[in-house]
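Chains as they are written, first to last, in my numbering: chain A, 2 to 343; chain B, 725 to 1172; chain C, 113 to 394.
These aren't lab readings, by the way, just hints derived from the structure by calculation. Since we're looking at a predicted model, the values are computed, not measured. Take the hints with a grain of salt, since some may be wrong.
To be verified - Subject to a maximum C-alpha distance of 25 angstroms in a straight line, what follows is the list of computed BS3-like cross-link-like pairs (lysine-lysine):
1. B/K1159 - A/K82
2. A/K64 - B/K1159
3. C/K171 - B/K1024
4. A/K112 - C/K125
5. A/K56 - B/K1159
6. A/K112 - C/K381
7. A/K82 - B/K1149
8. B/K911 - B/K975
9. B/K1062 - B/K1081
10. B/K760 - C/K339
What the hints assert, rightly or not - Chain A regions said to be covered by chain B (calculated; three or more residues, Cβ under 8 angstroms):
11. 144 to 153
12. 291 to 297
Here a beta-carbon is modelled for each residue, glycine too, at the ideal position from N, C-alpha and C.
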Amino acid sequence: MAQPAGREGAGSLRKRRRGVSYSRYGYLFILPFFLVYAVFQAYPLINTISTAFQKYMITGANKVIGPTFAGLDNFRNVLTKGFALRAFGNTWIMWIINFIPQMLLALVLAKWFTDRRMRIRGQGAFKVLVYMPNIITAASISVLFYSLFAYPQGPVNSLLAALGIIDPALYANPGSAATVAFPFLERGWPVRLIIAFINFWMWYGNTMIVLIAGILGISPSLYEAAEVDGASQRQIFFGVTLPLLKPIMLYTLVTSLIGGMQMYDIPQLMLQQGSPAKEMIQTNTMYIMELIYAGTRDYGRGAAVSVLLFIATLLVSLLFFYFLRDKDAIRERRALKGRARA
Amino acid sequence: MKKTVSLLMALLLMLSFGLSHAEVYTTDFDVPATGKNFVIYAWNDEFLGMLRDYYIPAVGGTVADDGTLVLPNGDKIDFVINPNDEGVYQQKLDAALGAGEHIDMFLMEADYALKYVNSDFTMPLEDVGITEEMMQSQYPYTIDVARDENGVIKGTSWQAAPGLFLYRRSLAQKYLGVNTPDEMQEKVKDWDTFLETAREVAKASEGATKLIPANGDVWQVVRTARTQPWVDAEYNLVVDDQVEWYFNFAKTLRDENLTAMANPWSEAWNAGVGNDSIMGYFFSTWGIQWVMTGNAGGSKPGEGTYGDWAAVNGPQPYYWGGTWLNAASTCENLPLAKDIMEYFTIETGSMQDYCLKSKDYVNNQEAIQNIIDAGFSFDFLGGQDHYALFQAVTPLIDTSTMSPYDQNINIAMDTEVNSYAIGEKDYDSAIADFKAAVADLYPEISVD
Amino acid sequence: MMKSYSARLGLKKTWVYVVCIFLSVLSILPFLVMFVNATRDNYAIQQGMSLIPGDMLQKNLETLSQRQNFDVLGGMWNSLQISSLSTVLALYFGTLTAYGLFVYSFRGRQLAFSFIMAVMMIPTQVSIVGFYTFMFQLRLTNTYIPLIIPAIASPTVVFFMRQYMMGGLPLEIVDAARIDGCSEFRTFNTIALPMMKPALATQAIFLFIASWNRLFEPTMIISSQSKYTMPMLVSLLKSDRFRTDYGTVYLALSLTVLPLFVVYFALSKYIIQGVALGGVKE
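Input sequences plus hints: build the corresponding full structure.
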């Protein structure tokens, strides 16, 4: 009773065998997922959203206030007197500084490695090396960089002294080192750049590999056709390769942005207690953590910032799906529907 | 009667042997076993060391290979240590207490003791078996700190924390030309003179030596000179005049490069005790034995900087820190909690023994007086009797400006002071941002 | 004409190699410094950057192990428990769900799948407040359960397994098994699952590593240091305790990073392959 493996055939295969319906197994098999999701993700999300509209905090050691309905108070507070806008700004700025160079470099490298004329060798080893930082725990990398940029004396500062950028004699003496060494972790922009660099360093290998796979997936006949038409390498890249890479680049951008908006590990561990840089590197999730853990534990406002973060994430995803919609497929489907009805 | 006799004998032994380190103080141990671990929360291993090096040997317990402390009755002590960075110790403690986790004792610092004292997470000491009468040898301020709103005592401390200014004799001689502590005191007798001296030191050493590690040390001193606490009874944030003075003082220090920029507890700050980069440190009692003797690079006069230090009163009297023990409301072994508390905070004999060996300053006026009467001299300080110096400062300690919010507010202020000192903000913006930060941390405090 | 073209090409190639070598060095350099500093003492580290190993490894090791509260092996064991259990659960139930969506036709199938796709884009951090208070009510804070059980609902696993099934799981096999009298569940476990091995293996690597490296959620849930995961222990290295001796800090970092290095270089081929196939981006 061999059935064709086409869509129609498989459908009737799934649906029944001698009149027995197997569809209930579908429900059964997906049940654990939805059950766990409902309990551990959906419910907390709903809980968070509802808490955002309530006054609910713990002051002192254990004095609970609320939960009582508070309308938009929490949102008003975190957006005007609180630091939600600042946190969003910090997060996005650090993401952009990381992402643009990351994408550019990944594109350039991907182009080089897929260029059939240049035939660059050692690709495999190179990929292994540049992808490696992605595997290592972000926390470890951050503490490593935190230690490297120590002040007054630390490895990076000592390198500057060795290169003569800062006076080596003054640097060598711990008492006077402070006057010449750079307090990297104290200033906002240096720390932002370090954080962006760490993210860049951890992810550009990943992006490059994904882009290479994307380029290799483009049919060579398109390139041949373009070359026959007399297009230069440059024109081919910008006219053929890039447009066809658009979906993948977009996917990378969106996943990077969504991940970037949740950035926690790196900025949190680059934070030095008392450093003025805090105001410039505190991200959304760091702020949420501070609201619900430090000082008075304010779950209402923490939830409010979470909701804002959720909305932002949702908007980005929706934009992504909108840009990525396959216009041709939609047109086709509409045409099919039209034909079917006729 | 038997206990008093053995105490007297121990005292006599100690007095006659002077600073002999070979004796192990012993005491009876009659706490019944419970079969459960005794859980203590702390932010560093100071108290763990105290139990290990003094209490366990005294009662006849043992230390297992992995470091676990085992009592004579077989029960074990379980230490949970969460460091203090960014106020994390409080956060983890609150999470554990809030979840009803089994904690027997936890330690509190002055900066936030009030928060726990005023909650029902701490048990009244009377319920543990320690009455106010038993605490009569303690310095009164340590008792008052641990009183809740109704005057019930909730915590007890093994130390008093008056502060002094410690400086390097040889460096002071070299760059300031002073030869005795009294001459040094003249150089630091008030803040204006102190600033001048800081300039003198930096100039004379061509930047190689600075008078103090960083401005954070100044704050520890100045904060006790405030007349108002951070938060008043109506939950208003109070920015005392001393705060504005401190902001500007810190900026001056920064602008003129008068400190070694070695933040408290940083690597450079610790190392400065053993090298020539820093001439002086502000420390209260625990600082000497907890930080300095370990970092001096030696254990005898002549080794490293050991013996080259001296203590003076500095620009003003102050106190810094102090640790309080308390029994948590979830304590399941009150007799053991009582025994430990008695050993370190009540009994003169054990406290005096601990004091002499550790060089800490115990919360027992009788013990301190005994030590001074016996003619104590500390070779780390070139022969000074620092106990006498501390004893003179202790009555001046005024803890009325403590609030339960101190730790986090100080951290928030630190960020703004640094911002201001490096010139990122002007004073008004710095204070405005400070207020905004405090309001965000503690919505119940009104900051306007 | 040819000569100048190939000359230009040669120049370009050289430039490419230079850049690639520079980037390769950049990827390794910080780790090299870290490993080297683990063998030097604190004073030397503060005085200068060096790529030559020192001889203080033994001493640093002793100092580190005496600081009783940095239990590298304990932290690794904790992380191992959480990561392996959550990986197994995610793989099994993710594949189960994908199988259910792929093999069976039922009302709401498309809806269910679209829901999972939609949910894939929502990171767990946004619901952390509700998650924490909920776990607190259930008295599950400071346990590993909130870090393991949610893995059963992993949308990305469902997505990738379904992709793989669409290409690699012929439905005739399911049918054949039914004819033989095999129950649906047994069919899944004994026939379908083994066929998915390559995809399972790749996913396993990514899931495990991602779970191992997580800091945010564990920090929220766990408060006892004895239960800390690796990244949480690493965050302790910034605290006062360790600020007297940088040698031990670098050594501790090296130890935490070492297992990942070993795993990576052993499995690098599969990892890179997996990334190219659209690996998980956390």
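(message) Closer than 8 angstroms Cβ to Cβ for three or more residues is the test here. Does the segment 291 to 297 of chain A pass it with chain B?
(response) holds (count 6)
(request) Could you grab the alpha-carbon distance between A/K64 and B/K1159 and see if it respects the 25 angstroms cut-off? (result) holds (23 angstroms)
(message) Please verify whether B/K1062 and B/K1081 have alpha carbons no more than 25 angstroms apart.
(response) holds (23 angstroms)
(request) Would you mind confirming whether the straight-line C-alpha gap from A/K112 to C/K125 stays at or under 25 angstroms? (result) Since the Cα atoms of A/K112 and C/K125 sit roughly 12 angstroms apart, the hinted pair holds (cutoff 25 angstroms).
(request) Test coverage of the segment 144 to 153 of chain A by chain B using CB-CB distances below 8 angstroms; three residues minimum. (result) Since 3 is at least three, the answer is holds.
(message) Can you confirm whether the C-alpha distance between A/K112 and C/K381 stays at or below 25 angstroms?
(response) Distance of about 21 angstroms is within 25 angstroms: holds.
(message) Hinted pair, alpha-carbon criterion (25 angstroms max): B/K911, B/K975. Please report holds or violated.
(response) holds (21 angstroms)
(message) Would the hint linking A/K56 and B/K1159 be met if the CA-CA limit is 25 angstroms?
(response) The hint holds at about 21 angstroms.
(request) Compare the distance between the alpha carbons of A/K82 and B/K1149 with 25 angstroms, and conclude whether the hinted pair is satisfied. (result) holds (19 angstroms)
(message) Holds or violated: B/K760 and C/K339, Cα atoms, limit 25 angstroms.
(response) With a Cα-Cα distance of about 19 angstroms, the restraint between B/K760 and C/K339 holds, given a limit of 25 angstroms.
(request) Below or equal to 25 angstroms on CA atoms is what counts here, so check B/K1159 against A/K82. (result) holds (10 angstroms)
(message) For C/K171 and B/K1024, compute the direct alpha-carbon distance and say whether it is at most 25 angstroms.
(response) Given that 25 angstroms is the threshold and the Cα spacing comes to 23 angstroms, the pair holds.
When the structure is compared with the earlier hints, no violation turns up for any of them.
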